[in-house]
Amino acid sequence: AQSVTQLGSHVSVSEGALVLLRCNYSSSVPPYLFWYVQYPNQGLQLLLKYTTGATLVKGINGFEAEFKKSETSFHLTKPSAHMSDAAEYFCAVSDRGYTGTASKLTFGTGTRLQVTL
Amino acid sequence: DGGITQSPKYLFRKEGQNVTLSCEQNLNHDAMYWYRQDPGQGLRLIYYSQIVNDFQKGDIAEGYSVSREKKESFPLTVTSAQKNPTAFYLCASSNLDYYNEQFFGPGTRLTVL
Numbered sequence: 001a002q003s004v005t006q007l008g009s010h011v012s013v014s015e016g017a018l019v020l021l022r023c024n025y026s027s028s029v030p031p032y033l034f035w036y037v038q039y040p041n042q043g044l045q046l047l048l049k050y051t052t053g054a055t056l057v058k059g060i061n062g063f064e065a066e067f068k069k070s071e072t073s074f075h076l077t078k079p080s081a082h083m084s085d086a087a088e089y090f091c092a093v094s095d096r097g098y099t100g101t102a103s104k105l106t107f108g109t110g111t112r113l114q115v116t117l
Numbered sequence: 001d002g003g004i005t006q007s008p009k010y011l012f013r014k015e016g017q018n019v020t021l022s023c024e025q026n027l028n029h030d031a032m033y034w035y036r037q038d039p040g041q042g043l044r045l046i047y048y049s050q051i052v053n054d055f056q057k058g059d060i061a062e063g064y065s066v067s068r069e070k071k072e073s074f075p076l077t078v079t080s081a082q083k084n085p086t087a088f089y090l091c092a093s094s095n096l097d098y099y100n101e102q103f104f105g106p107g108t109r110l111t112v113l
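Listed in order, the protein sequences are those of chains A and B.
Note that the numbering used here gives residue 113 to position 113 of the first sequence, counting from 1, and the numbers run on in steps of one.
Note that the numbering used here gives residue 99 to position 99 of the second sequence, counting from 1, and the numbers run on in steps of one.
Hints in this document: simulated from the structure, not taken from any laboratory.
Hints are supplied without guarantee of correctness; some may be wrong.
Facing chain B, from chain A, some residues (calculated, C-beta under 7 Å) [said to hold, decoys possible]:
| hint | residue |
| --- | --- |
| 1 | Y39 |
| 2 | G43 |
| 3 | L44 |
| 4 | A102 |
| 5 | S103 |
| 6 | K104 |
| 7 | T109 |
Derived EDC-like pairs (lysine to aspartate or glutamate); straight-line CA-CA distance at most 16 Å [what the hints assert, rightly or not]:
| hint | chain 1 | residue 1 | chain 2 | residue 2 |
| --- | --- | --- | --- | --- |
| 8 | A | K49 | B | D97 |
| 9 | B | K71 | B | D54 |
| 10 | A | K104 | B | E101 |
All C-beta atoms in this analysis are idealised placements derived from N, C-alpha and C, irrespective of residue type, glycine included.
Just chain A, same shape as in the assembly:
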C-alpha cells in the first residue's frame, strides 16, 4: 500500500521568501511522484512530476522538487514566493501501472500556502 504525508496543513511565507512544502511517501515499488496545485474552487493543475532519471525536477511557475530515495521525500521548493502562489498544494504517489492499465494516485492531505506582504 502507498501513502503520502504532507507536513504542515498551513504554511505562511512573506513575499520574496523561500517556499518549502514537505512531502514524504511510502511505496513498495519505485514511485512516480507528483505535485499538484489547486486554486479555490478549481481543479488540480500539475506542477511537476518525477518518474525516472534526474532527481531534481523543475516545474512550472519556478517550482522544483528533489526526489530523495534515502529519505523517502519529495519536497517542493521555490526560491522567491509571489502573491499568486497562494493556493493549496498536493503531493501524490502513483502505483506505477503498466502500459495499458490505469494507475491510481494516492494523495496527501494538502498544504495551504499563504503569502503575505
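Given the structure of chain A, go ahead and fit chain B onto it with the hints provided.
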C-alpha cells in the same frame, strides 16, 4: 482546446435524492477517474475506468455508481445510500502509457440540504 469539462459547477439537492454529475473529455484519453475532496482529507478515489463499458471501484465507492458508455464521458451518480454526499467532486483522465499523468476537470461542488 482540449480538456475536461464538468457540469454543473454548483449543485444543490435535497437529502434522499439521487444526483448525476457530468464529466466529458476531448483529450482522447482511455482512462477516467472520479475523486471526492473534503477539507483536510485530500482527494479520495471513488471509481475509475480504463475502457468503455468497464470500471473498477476505488477506495470509497459505497453510495456511488458510474457508467462508461462512451470513451469521452464518465458520469457519476451520487445515490441516496451515500451517507455524507456534500463534497467537491473532481473528474480526471489519463492515457494508458507508462506514466499515466492525470489531467483534472474544474470540479463540481455538491451540497445536500
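Results of checking the hints against the structure:
{"no.": "1", "hint": "Y39", "in the structure": "violated (10 Å)"}
{"no.": "2", "hint": "G43", "in the structure": "holds (4 Å)"}
{"no.": "3", "hint": "L44", "in the structure": "holds (4 Å)"}
{"no.": "4", "hint": "A102", "in the structure": "holds (4 Å)"}
{"no.": "5", "hint": "S103", "in the structure": "holds (4 Å)"}
{"no.": "6", "hint": "K104", "in the structure": "holds (6 Å)"}
{"no.": "7", "hint": "T109", "in the structure": "holds (4 Å)"}
{"no.": "8", "hint": "K49(A) with D97(B)", "in the structure": "holds (15 Å)"}
{"no.": "9", "hint": "K71(B) with D54(B)", "in the structure": "holds (11 Å)"}
{"no.": "10", "hint": "K104(A) with E101(B)", "in the structure": "holds (10 Å)"}
Violated hint for the displayed structure: number 1, the only one.
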